[in-house]
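Build out the structure end to end from the sequences listed, making use of the hints.
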Amino acid sequence: DAKTTQPPSMDCAEGRAANLPCNHSTISGNEYVYWYRQIHSQGPQYIIHGLKNNETNEMASLIITEDRKSSTLILPHATLRDTAVYYCIVSKNSNYQLIWGAGTKLIIKP
Amino acid sequence: GAVVSQHPSWVICKSGTSVKIECRSLDFQATTMFWYRQFPKQSLMLMATSNEGSKATYEQGVEKDKFLINHASLTLSTLTVTSAHPEDSSFYICSVTNQGENYGYTFGSGTRLTVV
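Quick note, the sequences are listed as chains A and B, same order.
Here the numbering used here is used: position 7 in the first sequence is 231, and no number is missing along the way.
Here the numbering used here is used: position 61 in the second sequence is 62, and no number is missing along the way.
Because the hints were derived from the structure by calculation, they are not lab data.
Treat the hints with caution; some may be incorrect.
[Claimed, not checked] Below 20 Å or equal to it, Euclidean Cα-Cα: the simulated SDA-like pairs (lysine to any residue) are:
| hint | chain 1 | residue 1 | chain 2 | residue 2 |
| --- | --- | --- | --- | --- |
| 1 | A | 227 | B | 21 |
| 2 | A | 329 | B | 67 |
| 3 | A | 316 | B | 33 |
| 4 | B | 42 | A | 300 |
| 5 | B | 67 | B | 113 |
| 6 | B | 21 | B | 56 |
| 7 | A | 329 | A | 300 |
Put into structure tokens, the structure is as follows:
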């Protein structure tokens, strides 16, 4: 079973920030939080990952709570092309098997 | 990160025939590649781990004689669906790990297999 819990779906208006929550209350100290997304009929795409500190890259920001039991992926200015299923995964590092949950289907509306 | 090319992007075949799917790591020597299967409206399920120069490791419930994996070089892994049946129709995806960069996995674009 996946070690994360995400809402099944979310809507967001184009141009607004999309905030996708993820609960990972059983995360262990050496596990990272990874975020991937999958646009329809394509392979998953890496977005961002973090261990303890908040992270930001050209695609998104990742906010991890101090107790590391939950995190939020932020797409600062959502576009229609951001419509996808977003997966939150915890894993020791990239060499370990990823266990995929159901993810959050994010729909960006004009 | 690594660049992964998967071919073909879609294929339609008749029941009983075999289909080969290729996964190439274009700029990265991948000692390990992974093969996933995804049914409609479901999440990815790991089928097998492909190891260069050795036998693949299959997940429980995946028939190794039906899903033949060959990883003969550091840049190419192939998945052959033998004697395909309609229930094998699915989206097949390969991936490689970016070892040393900790950027997670890079995925191929996937292959949509339809068995008629």
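Hint by hint, here is what the structure shows:
1. A:227 x B:21: 33 Å, violated
2. A:329 x B:67: 32 Å, violated
3. A:316 x B:33: Since the Cα atoms of residue 316 of chain A and residue 33 of chain B sit roughly 17 Å apart, the hinted pair holds (cutoff 20 Å).
4. B:42 x A:300: 27 Å, violated
5. B:67 x B:113: At roughly 17 Å apart (the allowed maximum being 20 Å), residue 113 of chain B and residue 67 of chain B satisfy the hint.
6. B:21 x B:56: Holds, at roughly 17 Å.
7. A:329 x A:300: Holds: residue 329 of chain A and residue 300 of chain A sit about 17 Å apart, inside 20 Å.
In summary, the numbered hints that this structure violates are 1, 2 and 4.
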